[in-house]
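**Q** All chains, full assembly: derive it from the sequences and hints.
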Amino acid sequence: DQQVKQNSPSLSVQEGRISILNCDYTNSMFDYFLWYKKYPAEGPTFLISISSIKDKNEDGRFTVFLNKSAKHLSLHIVPSQPGDSAVYFCAASEWQTGANNLFFGTGTRLTVIP
Amino acid sequence: NAGVTQTPKFRILKIGQSMTLQCAQDMNHNYMYWYRQDPGMGLKLIYYSVGAGITDKGEVPNGYNVSRSTTEDFPLRLELAAPSQTSVYFCASTGQGTKTQYFGPGTRLLVL
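Protein sequences appear in the order of chains A and B. For what it's worth, this note's numbering labels the leading residue of the first sequence as 1, then goes sequentially. For what it's worth, this note's numbering labels the leading residue of the second sequence as 1, then goes sequentially.
Treat the hints loosely; a few may be bogus.
[Unchecked claim] Keeping only pairs whose Cα atoms sit at most 20 Å apart, straight-line, the calculated SDA-like set for lysine to any residue is:
| id | chain 1 | residue 1 | chain 2 | residue 2 |
| --- | --- | --- | --- | --- |
| 1 | A | K71 | B | G42 |
| 2 | A | K5 | B | M41 |
| 3 | A | K37 | B | Y102 |
| 4 | B | K44 | A | T26 |
| 5 | B | K44 | A | Q2 |
| 6 | B | K44 | A | E42 |
| 7 | B | K44 | A | T106 |
| 8 | A | K5 | B | P39 |
| 9 | A | K37 | B | T5 |
| 10 | B | K44 | A | M29 |
| 11 | A | K56 | B | T100 |
| 12 | B | K9 | A | K56 |
| 13 | A | K5 | B | K44 |
| 14 | B | K44 | A | R109 |
| 15 | B | K44 | A | D1 |
| 16 | B | K44 | A | V87 |
| 17 | A | K37 | B | G3 |
| 18 | A | K5 | B | V60 |
| 19 | A | K5 | B | G58 |
| 20 | B | K57 | A | A99 |
| 21 | B | K44 | A | A41 |
| 22 | A | K37 | B | K57 |
| 23 | A | K37 | B | G40 |
| 24 | B | K44 | A | D24 |
| 25 | B | K44 | A | Q6 |
| 26 | B | K44 | A | P9 |
| 27 | B | K57 | A | E94 |
| 28 | A | K5 | B | G40 |
| 29 | B | K44 | A | P40 |
| 30 | A | K37 | B | M41 |
| 31 | A | K37 | B | P105 |
| 32 | B | K44 | A | N7 |
| 33 | A | K5 | B | D38 |
Bear in mind the hints are in silico, worked out from the structure with no lab data behind them. Note that the structure is a prediction, hence the values are computed from the model and not measured.
**A** So, in structure tokens, the structure goes:
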């Protein structure tokens, strides 16, 4: 059963506009959320994260919003740049015996059109 | 620091062959993980380790084995390769007190 869901397989945005990537989760025990970016033939790279005690975290052009009651988080990229074109994975963590395991969504392919 | 390294980058196996995917990290991380990613899917956890000598199963462990004799290395063993094991395999690590995992570049495996 998929505990982290990204229901949009793909998204296209014009350069300079806002990109909004969405993620939903079902496990209320998740206490930490991360976004990873992945280029073809490379491993995922960490982008930004948020703890469940916050509802927003910002890092430059990237902002993650968390709505715990809706079990929903989103990643905003403003302004979008062609180099942002990649697959974005949402991941969630539940503290269990110190393993720090992550549960991943299926990813959203973002294409930024110049 | 090289971070997390994986070898080989790509391998073709025949059904029934065995191989070991290598993973090493130079960040002195306690926690290490093996994931597989199938096309159009997210990453699924195969095995993980919380320290040298300690390993445990993840979501999809069948057909795989791991060992962790040192902090740096976490090899993944496929004993009898099957077509269902065709995938891209990623190794990751993280340190104490953080939940951010750092990934290697991946190994693409094709079983024919």
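**Q** With reference to the structure, classify each hint as holding or not holding.
**A** Here's how the hints hold up against the structure:
no. : hint           : in the structure
1   : A:K71 x B:G42  : holds, 19 Å
2   : A:K5 x B:M41   : holds, 11 Å
3   : A:K37 x B:Y102 : holds, 12 Å
4   : B:K44 x A:T26  : holds, 17 Å
5   : B:K44 x A:Q2   : holds, 10 Å
6   : B:K44 x A:E42  : holds, 17 Å
7   : B:K44 x A:T106 : holds, 10 Å
8   : A:K5 x B:P39   : holds, 16 Å
9   : A:K37 x B:T5   : holds, 18 Å
10  : B:K44 x A:M29  : holds, 19 Å
11  : A:K56 x B:T100 : holds, 17 Å
12  : B:K9 x A:K56   : violated, 37 Å
13  : A:K5 x B:K44   : holds, 13 Å
14  : B:K44 x A:R109 : holds, 18 Å
15  : B:K44 x A:D1   : holds, 12 Å
16  : B:K44 x A:V87  : holds, 16 Å
17  : A:K37 x B:G3   : holds, 17 Å
18  : A:K5 x B:V60   : holds, 18 Å
19  : A:K5 x B:G58   : holds, 19 Å
20  : B:K57 x A:A99  : holds, 11 Å
21  : B:K44 x A:A41  : holds, 17 Å
22  : A:K37 x B:K57  : violated, 26 Å
23  : A:K37 x B:G40  : holds, 15 Å
24  : B:K44 x A:D24  : holds, 17 Å
25  : B:K44 x A:Q6   : holds, 15 Å
26  : B:K44 x A:P9   : holds, 17 Å
27  : B:K57 x A:E94  : holds, 16 Å
28  : A:K5 x B:G40   : holds, 13 Å
29  : B:K44 x A:P40  : holds, 18 Å
30  : A:K37 x B:M41  : holds, 14 Å
31  : A:K37 x B:P105 : holds, 13 Å
32  : B:K44 x A:N7   : holds, 17 Å
33  : A:K5 x B:D38   : holds, 16 Å
The structure fails to meet hints 12 and 22 from the earlier list, while all remaining hints are met.
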